[in-house]
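Chain by chain, the residues run as shown.
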Amino acid sequence: MLKKIIIGCMALIFGLTMLGTALALEKGNQRKGKYSYRKVYKSCMARGASETDRPILNPDAKTRAQWTRIFEKANYADFGCEEEWAALSQEEVSDIYGYLWEYAADSPTPAKCK
Amino acid sequence: MGPLRRLCYLLLLIGTLLPGPWYSTAWATPSEEDSIAPGRALAQQAISARAAWSTSDHSKHPALQQTFTSGAQITAACLSCHSEAEEQFKKTIHWKWIGYTDEKNKRLGKAGDSLNNFCISTNNMQDKSCNACHPGWQGKDAGVNCLSCHGSKKINWSEAFEDYNAFAASDDPEETDLALEIQTDILDAVQAIGLPTRGNCGECHFKGGGGDGVKHGDLDTSLIKPGKALDVHMGGDGQNFNCTRCHTTVRHHVAGRIYSKPAFEQRTSLLQDDLTPKITCESCHGDKPHAPGEKVNDHTDKVACQSCHIPTFARELPTKMSWDWSQAGRLKEGQKYKEEGPLGRETYLSIKGVMHWEKNVQPEYAWFNGVLKTLTVKDRIDPSSVVAVSAPVGDPQDPNARIFPFKVHRGKQPYDKVHKTLLAPLLSGPQGYWTTLDWNEALTQGMQAMDVPFSGEFDFAATSYVLPTTHMVAPKENALACTQCHVRNGSRLVGIPGVFMPGRDRNPLVDTFGWIAVLGALAGVFLHGAGRIFSNGRKHE
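Chains as they are written, first to last, in my numbering: chain A, 1 to 114; chain B, 1001 to 1541.
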């Protein structure tokens, strides 16, 4: 019985993890993501935590696979402005991921945040 | 002879042995330095009315207070008042990217047959990446974007309109809010109108060749907010000139060199013609700018002002000095890659090859009458030696020629082994070299766009390209000292022909006669002085 419970729990955890990962990796509205991404740094500069309102990383700073790994791990340390990143909704994060992935270094149209 | 007289003779003798004031390296005494040289006084009068003023506040014009959904609407709003502006502008090289067609039917201009050794060509404007610098809404295909030059606020127009139109059509309230924000940004930019600033011109001219300081050594983004030490004319703590202060404009034609055609044909000053284009130094400073009697005034018929007053270029940001396309195409683990050098600039890119950057670069000097001989994609070359894609024209006998400073950009670029012409590869786009890394494909596509035959056989030729150095004029205390040119070894003007330069050059016959004269004079003074001393001494006894 205990064995079944343990296996059931593990399956549930695995399932939730996969669901979470799938949700986290969903590429949202890339057009909205561009503006959400810019807003992060505008807010960051407004509170004095950044010298510029321009994002630190351009979409073409990484390949699509690299962006996917970052958002899979939900590790946003490279982006700076931790407070603003923590305040983003899951939808906004997905939108930003969509934007960065769309214009990554190995995409057909690599882009900088002009 | 009294003791006083004897002392005078003795002092005279000593005086002949000591360096006199005429040997001093300083040009002027402190009191002379404190006074303003005629050339500066003249220029200061020319700019005495400094404050810019306008009779119009564009934010109040009804035509500029509508919802804009396209660039064409903005142009129409501008033209509703400035009715002749578009017609004027479309006749200029800034719009056409063709300066003129020469007697051999070669079209000189970016959109024509001209080449360089940076990104080489726009392929008849088929390379769409070049259009970012064309002052139209979509290259030449749509109307003039007046705000390229007259807009004081920077905005990515194509992105703003595309996003605005997408968000405005959405039912999502968040997207509607974003549409309103974008429209506010568009209106802010549309209403911020003025005369062209350094930022407007610099958006293309500081980034010529594909990036900051790539093409010109004396034009880069350090000139957007320069100090006087970088440029006495543009420095915020200097005269704070905009580009159009010297590049004066008539009916949207901006004064300046157009490929082979010189920037000016007559050295006219404002004293001679108060409506003369202010494109030359002489326009404001006159042709004898230094204090009367100063030797440097005698140089102005042979040496350009820039040669002494721009000791180095790229003084704050690095500039690209060479570009070897033959090394492009390398991969790391099957991927394109790039490497950065010590100056923070890319020194290798798979898509571009090897590049070399330098800072604070000493110019190279040549005789120059304002004409540059430039190659086109139709000209035959000799690839066995360095091919001059552009070279200064002028010689010592030419009254319009001066010794002038240049940045010389060296490179290796593709040429047709059969036709012996330089080639213009297509770089951007799906079939461009930057995507495919396939030279054959890129050259075939590029030459088709140019409507010039390509044999299919190519190699790389060593090339050079000169750019006149005329910005980044240093404060007078940083101008060259005489000894940087008038010196036997290490003269900046080593190799400059057709002019005898004391210090740099020697003529054995002149030297021999000179030394004989000097030694003879010394001997005469000694003998005369000694004779007087001894004869007077005996008489006294």
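FYI, nobody ran anything at the bench for these hints, they're computed from the structure.
Treat each hint with caution, since some may be false.
[Unchecked claim] With the C-beta cut set under 8 Å, the calculated list includes, among others, these residues of chain B facing chain A: (1) ALA1166; (2) GLU1175; (3) LEU1178.
[Said to hold, decoys possible] 30 Å max Cα-Cα, derived DSS-like pairs, lysine-lysine: (4) LYS42/A - LYS1104/B; (5) LYS39/A - LYS1096/B; (6) LYS1060/B - LYS73/A; (7) LYS39/A - LYS1207/B; (8) LYS1338/B - LYS27/A; (9) LYS62/A - LYS1338/B; (10) LYS62/A - LYS1128/B; (11) LYS1207/B - LYS62/A; (12) LYS42/A - LYS1153/B; (13) LYS42/A - LYS1154/B; (14) LYS39/A - LYS1225/B.
Please read all numbers here as calculations on a predicted model, not as lab measurements.
Where a beta carbon is used, it is the ideal one built from N, C-alpha and C, also for glycine.
Could you tell me which of the hints above the structure violates, numbers in ascending order?
Checked against the structure, the hints that fail are numbers 4, 5 and 6, while the rest are satisfied.
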